[in-house]
Amino acid sequence: MKFFDGIRRALRLPPERPQDIEREVDDEFAFHIAMRESSLRSKGLDARTAAVEARRRFGDAEEARQACLDEDLPAFRAARFHDRLEDIARDIRIAARSLRRSPAFALAAATLVALGIGGTTSVFSIVNAIYFRPLPYPKADRIALLQASFADPLCDRRCARSATSAEIAVWRKSARSIENIGTIELRQGPVATSSGSMVLEGAAIDHELPTILGLHAAVGRMLVPADFTDGAAPALVLSYSAWLAKFGGDSSVVGQLATIGDVSYRIVGVLATESELGPPIYSFNVRTAEYILPQTRWPASLHQVIGILRPGANVAEAEGELTRLLREGNGAPWQASVRPLRDALAERYRGSFTMLFAASLVVLLLTCMNVGGLLVARLNDRIPELATRAVLGATRFQLVQQVVVETGLLALAGGIGGVAIALYGTSAARLIPLERLPFWTPIVMDSRVLVLAAVLALVGGLALSIAPLVTLSPPRIASELRALVVGAPTRARGRRIVVGLEVAFSVVLFGISGILIKQLVSAERIDLGSAKRSVVFVALANRGPAKDGGWPDRMIQGLYALPRVHAVAISGLAKRMTATRERRDSVMRAPSALRRAAVYVEGRPDPIPDLLFRIATIVTRDFFTATGIRLVAGRPFAATDDARAPGVIVINETAARKAFGDASAIGKRIRIESGGTLGEWLTIVGVVPDQRQPFSTHPARLEELYRPWGQVDAEPANVAVRVEGDSREIAPLLPKAMHAVDPSVAIASVDPVEVWFDRVMWAARFTTDVLTTFALFALVLACLGVYATVSYVVGRRRREMAIRVAMGATQRDVISSVLRSSITMLLSGLGAGVVGAIIVARLARSMLFGSDGLDIIALGTAVVAIFTAGVIAAYLPARRAAVADPLVSLRAD
Amino acid sequence: VSSRDINILRESLDLVILKALTSGPRHGYAIAEWIEGATGEVLFVDEGTLYPALHRLARRKLVETEWGVSDNNRRAKFYRLTAAGRARLKQQAPAWHEFVDALSRALRSNAQEHA
Chain A
1 MKFFDGIRRA
11 LRLPPERPQD
21 IEREVDDEFA
31 FHIAMRESSL
41 RSKGLDARTA
51 AVEARRRFGD
61 AEEARQACLD
71 EDLPAFRAAR
81 FHDRLEDIAR
91 DIRIAARSLR
101 RSPAFALAAA
111 TLVALGIGGT
121 TSVFSIVNAI
131 YFRPLPYPKA
141 DRIALLQASF
151 ADPLCDRRCA
161 RSATSAEIAV
171 WRKSARSIEN
181 IGTIELRQGP
191 VATSSGSMVL
201 EGAAIDHELP
211 TILGLHAAVG
221 RMLVPADFTD
231 GAAPALVLSY
241 SAWLAKFGGD
251 SSVVGQLATI
261 GDVSYRIVGV
271 LATESELGPP
281 IYSFNVRTAE
291 YILPQTRWPA
301 SLHQVIGILR
311 PGANVAEAEG
321 ELTRLLREGN
331 GAPWQASVRP
341 LRDALAERYR
351 GSFTMLFAAS
361 LVVLLLTCMN
371 VGGLLVARLN
381 DRIPELATRA
391 VLGATRFQLV
401 QQVVVETGLL
411 ALAGGIGGVA
421 IALYGTSAAR
431 LIPLERLPFW
441 TPIVMDSRVL
451 VLAAVLALVG
461 GLALSIAPLV
471 TLSPPRIASE
481 LRALVVGAPT
491 RARGRRIVVG
501 LEVAFSVVLF
511 GISGILIKQL
521 VSAERIDLGS
531 AKRSVVFVAL
541 ANRGPAKDGG
551 WPDRMIQGLY
561 ALPRVHAVAI
571 SGLAKRMTAT
581 RERRDSVMRA
591 PSALRRAAVY
601 VEGRPDPIPD
611 LLFRIATIVT
621 RDFFTATGIR
631 LVAGRPFAAT
641 DDARAPGVIV
651 INETAARKAF
661 GDASAIGKRI
671 RIESGGTLGE
681 WLTIVGVVPD
691 QRQPFSTHPA
701 RLEELYRPWG
711 QVDAEPANVA
721 VRVEGDSREI
731 APLLPKAMHA
741 VDPSVAIASV
751 DPVEVWFDRV
761 MWAARFTTDV
771 LTTFALFALV
781 LACLGVYATV
791 SYVVGRRRRE
801 MAIRVAMGAT
811 QRDVISSVLR
821 SSITMLLSGL
831 GAGVVGAIIV
841 ARLARSMLFG
851 SDGLDIIALG
861 TAVVAIFTAG
871 VIAAYLPARR
881 AAVADPLVSL
891 RAD
Chain B
894 VSSRDINILR
904 ESLDLVILKA
914 LTSGPRHGYA
924 IAEWIEGATG
934 EVLFVDEGTL
944 YPALHRLARR
954 KLVETEWGVS
964 DNNRRAKFYR
974 LTAAGRARLK
984 QQAPAWHEFV
994 DALSRALRSN
1004 AQEHA
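Respectively, the protein sequence lines represent chains A and B.
According to the working numbering, the first sequence holds residues 1 to 893 in order.
According to the working numbering, the second sequence holds residues 894 to 1008 in order.
The hints are simulated quantities; they were obtained by calculation from the structure and are not laboratory data.
Below are the DMTMM-like pairs computed for lysine to aspartate or glutamate, each with C-alpha atoms no more than 20 Å apart in a straight line:
1) A:Lys43 to B:Glu929
2) B:Lys970 to A:Asp27
3) A:Lys43 to B:Glu926
4) B:Lys970 to A:Glu24
When you get a sec, could you build the whole thing from the sequences and use the hints?
Here it is as structure tokens:
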């Protein structure tokens, strides 16, 4: 260091460090004392006396030195801080100039940063809005869903049922952990008002619910306790969204009458938006209940019991207490469950949330990687320049500072673009049909998420870009400089590794998003089959006079008369099961041991173990055609499967597997013992796929069976109509046609399958949409990243290519040599990536419920796309260099 | 009252240094010599105390510094009066004359005259 100090002094460079200041003071003092000494000597003193006298006259040198430093150092530090700011300003100028010189690099890097930040922020904002926004009810944190449940293998985990009025009365009276209990149930059907008749879906609530949820009206009044008393004038409150959608937000609707069935209700108010009722309070087919009215009679069975815990009471305590009260009442081993709303909500969306979260992380990682890869490739080429600066006295800190400043500039540009994309992304989210979103969530750009994404993307990119600098040790600097003097250094290996890693990681990350999407898409496909776009389901209300045996045929005939109707079928439950409401309710509520049916296979004495049938669906002949359920084996029901013919049955794959393993089930005969009676022998004529529920966390699938209408006396429940073209056009015609056949028929709902699908599947569908967008985005990002890096790396070989052209190589030779090495580089990266993706898929299979592993098509697409991007990226600069005048190219360096 | 006003000795030293530089840049030793000659060595006990004053003046930008070569060809730090330093000298000197006159009158007078 002495040597460098000498140079600095020789060049009269300003002091750089505090030590320099100290040295200057020492020098100054030494000069003074030396001058005094020589002056004293010239007056005749001997050298020794002169030295002593000079020091005596100078006084306490140490104190003077400290006093001088106290004056100088603060000023020096301030000046150095100022200099540092100037350094940064200079670095910004240098960085801006160097970025201007390579606009393609600057543009690519800034675009990548912008896409990464913008995309991640959009998705995180949407996810955040949907999954983390608290429910709008004032005491939402204390509200819980109460149920009675019973452990049973038939149900996913436990069979749950609603608590009865008697049980609720006991809970209300005796439970100390529960403050209050309310109930809610579904009401659907036509509503006649002065503005016409419409089918609305509402909620019947009891008198406690408005208090528990803190419901209030935006227009008119909320239901009050008096509305719930016997003999009160029937009152009804519209929901805000239904008021807007169905009544145009007209406040004169308040005060009018609405007739439901044979009761006329007075519309007394409109619910405030934050008081709407939707999942998980109750799952309606519509997004939120369109009206609420007082519950006058005890609901049949499908009501939800809502409790509010006392402040400070915990869930386990409440569960214990309610269970005890439940068992005191009827002695059965029922278990009370208390599910806080937030848990119910989390359960409902857990699967899709996990995936979205994973996908966002994947894209963020891709962004970091691509930006980092690009920066590393660029930095690798700037090492000679940086080494030169290091020799000229720049500290490592100053070099890092310059790199950081340049990255910062790119980040700034990218960040601005990112905000724009995020704003666009979140506003695009507003285009998502409302019924697909939970009712309480506005989607706005989440600025915290934006900052988080930006910081993550940049820190990641920066860490990658600074890493090579750490290796800039003195020997490295020396070798870089030697290379600079001797000739163009070849860092081909380093670059190849960068590109290879980037390609590999992109493939792995894309593979993950492929797995996630496949998971969702397959759930969707299994559920709906090919019928998705062309079926209308008509649900019959279980009211009205009983239907005679000829009713299904007449109805089917009547509907076939409509244009474009391709197939019509009716499904229902055996009359035995629906004979009386009481009987049905008792069956539905019984622990399923009572509902269990033993299944015997011909030739085997014992029933098939673990084979449990749910209640059979009784279907008319064209059921499978009409619903689009495709048989995997055998035949559908035929006209000949009537009461005189031998009994036939269609079962699903799970049932077939349990009964017959891998052997074919077709032609085998089974008989079912249920409720103590042994049924007749039934021949299996067909096997259908499982109707798998999306996002089921339970691996076991349920057995299903279908019997033909002609052989079982059944009560119609649903009508399925398969149409050519858009089912939404024909759906409105169906009720009229059905009424023409049977004027007394009560229709609960008419659902084109896509509408039904939206209602049932909105969460899954939404997730799929977002994930698909994300995967495409990830692929674009990966291609862009690989393109940028490869074209940059190849572009830096311009000098080498120019030399080769100058030496007489043909354009073709040069291009093909560049392409050959690029392809080797790409292929090794892709190979490593595919291996990595397979490993990740293995891991995912154990971690993700029911993951089917790698999506070959998605992965193949990714590999081809990235490879193509890489080859184009190599070809274009190679061609440019090969065609250009070699001298021009050489001078450019 | 600022510390500058009460520290008469330090202030007076500053003023003398500025005065010493009016005839051109000097290094620390030359300033010390000049002061000795001009004041009869009464102003400071130790020569070393000159330097904190010089550095203070430099920090206040009343003087500026530069490394140069002395008459006997040695490397030395030179001090030069800045415009601000010159202005300071011009502004402070009359006040000091008054102060010193007043002080000496007071010290010469008979204490009983005013009692």
